[in-house]
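**Student:** In case you want the letters, here they are:
There are 2 protein chains.
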Amino acid sequence: MASKQVFIAIIGAGGVGKCFLSQLEALAKKRLSPKLVLSYICTSKKAAYSPDYSPIAINDAISVLSSSSQAPLELSKLADYLAAAPSKTVLVDNTSSQDVADKYPLFLSRGVSIVTPNKKAFSGSYKLWQDIFAAASESGAKVYHESSVGAGLPVISTLKDLVDTGDEVTKIEGVFSGTMSFLFNSFAPTSGSGGKWSAEVKKAKELGYTEPDPRDDLNGLDVARKLTILARLAGLPVESPTSFPVQSLIPKELESVSSGDEFLQRLPEFDSQMEETKSAAEKEGKVVRFVGSIDVATKQVKVGLEKFDRSHPIAALKGSDNIISFYTKRYGSNPLIIQGAGAGGDVTAMGVTSDLLKVLSQIV
Amino acid sequence: MASKQVFIAIIGAGGVGKCFLSQLEALAKKRLSPKLVLSYICTSKKAAYSPDYSPIAINDAISVLSSSSQAPLELSKLADYLAAAPSKTVLVDNTSSQDVADKYPLFLSRGVSIVTPNKKAFSGSYKLWQDIFAAASESGAKVYHESSVGAGLPVISTLKDLVDTGDEVTKIEGVFSGTMSFLFNSFAPTSGSGGKWSAEVKKAKELGYTEPDPRDDLNGLDVARKLTILARLAGLPVESPTSFPVQSLIPKELESVSSGDEFLQRLPEFDSQMEETKSAAEKEGKVVRFVGSIDVATKQVKVGLEKFDRSHPIAALKGSDNIISFYTKRYGSNPLIIQGAGAGGDVTAMGVTSDLLKVLSQIV
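Sequence lines, in order, name chains W and G. So the first sequence is numbered by UniProt numbering: it starts at 1 and just counts up by one. So the second sequence is numbered by UniProt numbering: it starts at 1 and just counts up by one.
Keep in mind the hints are simulated off the structure, nothing from the lab. Just to be clear, a hint being listed does not mean it is correct.
Chain copies aren't distinguished; within one or between two, either way the pair holds.
Said to hold, decoys possible - The calculated lysine-lysine pairs, modelled on BS3-like cross-linking and capped at a C-alpha distance of 25 Å, are:
id : residue 1 : residue 2
1  : K35       : K127
2  : K203      : K252
3  : K329      : K358
4  : K203      : K318
5  : K252      : K318
6  : K329      : K18
7  : K127      : K30
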């Protein structure tokens with residue numbers, strides 16, 4: 001008997017996508033059963049695949065893709081292509097595209113499992129969330145998204161385990177953005193005085209820790225999306241990432257300046273506001289941090305600045321690490337804490353690869 | 001078509017066993033497919049089961065067991081009984097028995113999956129470890145043991161994910177014993193001076209944080225067993241928990257005193273030794289902690305006292321929490337950290353229950 005095989009389709013070949021490919025290559029070499037066959041790969045512009053699903057060499061996929069003249073399949077056609085495959089299929093969405101996310105219910109209903117770091121599907125409208133899990137439940141296809149919060153850190157799997165085994169999650173709190181972590185660990189360190197706010201933002205951008213336009217980090221939406229996902233997993237039917245209070249660190253006056261560069265240039269005008277916030281915390285012997293929290297009992301989700309004792313684990317965070325604390329009935333007053341790098345290609349891809357392993361163990 | 005069912009057999013109905021039963025009851029109510037059928041339960045003295053595998057009411061299992069006149073099946077007979085069942089079966093070993101652990105290869109080879117918090121199977125001889133995973137691999141039965149390290153904390157699953165996705169674990173370090181955590185957090189707190197060593201041991205025993213004879217915690221063997229498990233998962237073929245340096249905190253002179261009470265009575269004679277250790281650390285601005293560490297590159301595993309800066313996460317631990325730091329190639333200089341209660345019936349049972357869910361998702 002030929003050994004079982006599973007077809008893999010990948011959308012996205014950027015930073016995370018390339019790291020995932022290299023992890024997939026190592027995995028495919030090591031695991032003989034099921035045989036992992038790369039049958040489709042695309043970016044927004046190009047694709048590589050063949051009608052008979054013949055394997056694309058994983059170690060060569062990027063160059064095959066760049067020399068390909070095939071256009072990506074329209075998403076519903078891709079669903080047809082994968083649903084007609086002679087083996088089980090897993091779609092790996094390494095994009096952050098809302099368009100792809102919107103089609104998850106279609107893929108799942110056609111029996112295609114999904115693993116992805118894409119936050120959009122799980123933090124968009126509550127209806128999309130419901131449609132995704134209803135489709136998966138009906139068809140038996142699996143959907144895993146560990147890297148949508150905290151990259152490869154075991155955040156989502158841990159929360160699911162707590163909930164599924166009947167623990168009562170009372171509160172979730174943490175630093176969910178590597179960028180915000182880096183900014184506040186430098187701006188308001190637990191010892192020493194830290195730099196000026198605008199200088200820290202500039203430095204973070206130079207080090208590649210921010211989006212091309214730093215306002216895309218400072219508006220808090222990325223953290224709000226992660227909180228939306230965790231709140232829903234904890235049982236709160238949060239409507240959208242804009243349906244609860246999110247504090248933006250973009251001064252009103254700079255919201256509409258035309259470029260990230262102009263924003264950075266004018267940011268020093270507003271340093272005194274952040275300095276005041278920092279001093280107010282210092283007067284209480286505390287430091288300020290940008291955190292998200294979910295109070296399950298009162299159904300309150302919020303994102304913004306909070307003050308913490310210098311000895312608090314959230315204050316003591318280093319570099320651009322994330323920290324997530326789960327307060328539950330079983331764990332009592334000391335939370336279950338998970339901490340470490342929450343961004344970066346390799347650790348994000350790791351979450352996707354470990355999700356793929358979980359799916360493989362269930363569908364084969 | 002009747003809905004699928006899975007038969008559950010439980011050995012052990014002590015602290016963890018009772019908590020597990022209550023979690024199983026909630027699970028069985030919530031999950032309609034597969035139907036979870038309790039078909040066997042026993043302690044070392046009694047058992048409840050019937051030849052036709054008829055269900056034992058989960059919420060009533062303890063009283064059924066206490067009024068039963070059946071003796072436990074001899075383990076190889078239990079394997080026969082479960083292997084002959086008309087459904088897939090999972091054995092839940094909630095004991096810490098070496099005898100039960102020694103029979104895991106037999107159960108697994110007969111197709112019976114196993115979930116357990118029992119450390120003995122995975123920290124005994126390396127041959128038993130190999131036999132267990134060889135038997136599972138051959139038959140396709142599953143074996144999960146999350147709660148054998150850090151109770152319900154996601155320690156083993158995280159280490160497996162790191163290894164399976166191709167990360168290179170370079171070092172694992174942490175506080176792996178709730179008892180040792182409590183003792184040192186009180187004896188050498190990061191602020192204030194702490195109590196006398198013997199007084200802290202006495203208090204820990206009174207609070208139920210130690211074994212009936214505290215020497216069973218202070219000999220370091222419990223930590224050595226956990227380190228053995230993690231080292232093996234990280235790829236080191238550690239022969240046994242006594243094949244690497246383990247520092248015992250039992251003064252030589254008290255190793256052979258006849259009772260735990262006599263030990264506690266005479267322990268104050270040796271307070272000056274521990275006081276010296278504490279002062280030596282204080283002179284460097286540090287605190288002393290009882291930790292285990294695995295250096296994967298040099299293959300060094302060790303358990304004992306180490307000094308840490310007061311700001312180090314290991315120093316800042318609270319109560320009886322565990323902390324486990326994974327240093328890996330992908331995570332770089334800041335480790336992936338998991339922290340929280342590492343002992344207690346409910347959280348230990350939670351690890352067993354979440355393992356059961358993983359097994360169910362794969363065998364049905």
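**Student:** Each hint needs a verdict: does it hold in this structure or not?
**Tutor:** Against the structure, the hints:
no.: 1; hint: K35 - K127; in the structure: neither (36 Å within a copy, 30 Å between copies)
no.: 2; hint: K203 - K252; in the structure: within (22 Å within a copy, 57 Å between copies)
no.: 3; hint: K329 - K358; in the structure: between (28 Å within a copy, 22 Å between copies)
no.: 4; hint: K203 - K318; in the structure: within (16 Å within a copy, 35 Å between copies)
no.: 5; hint: K252 - K318; in the structure: neither (30 Å within a copy, 41 Å between copies)
no.: 6; hint: K329 - K18; in the structure: between (41 Å within a copy, 17 Å between copies)
no.: 7; hint: K127 - K30; in the structure: between (40 Å within a copy, 24 Å between copies)
Consistency with the previously given hints fails for numbers 1 and 5, ordered from lowest to highest.
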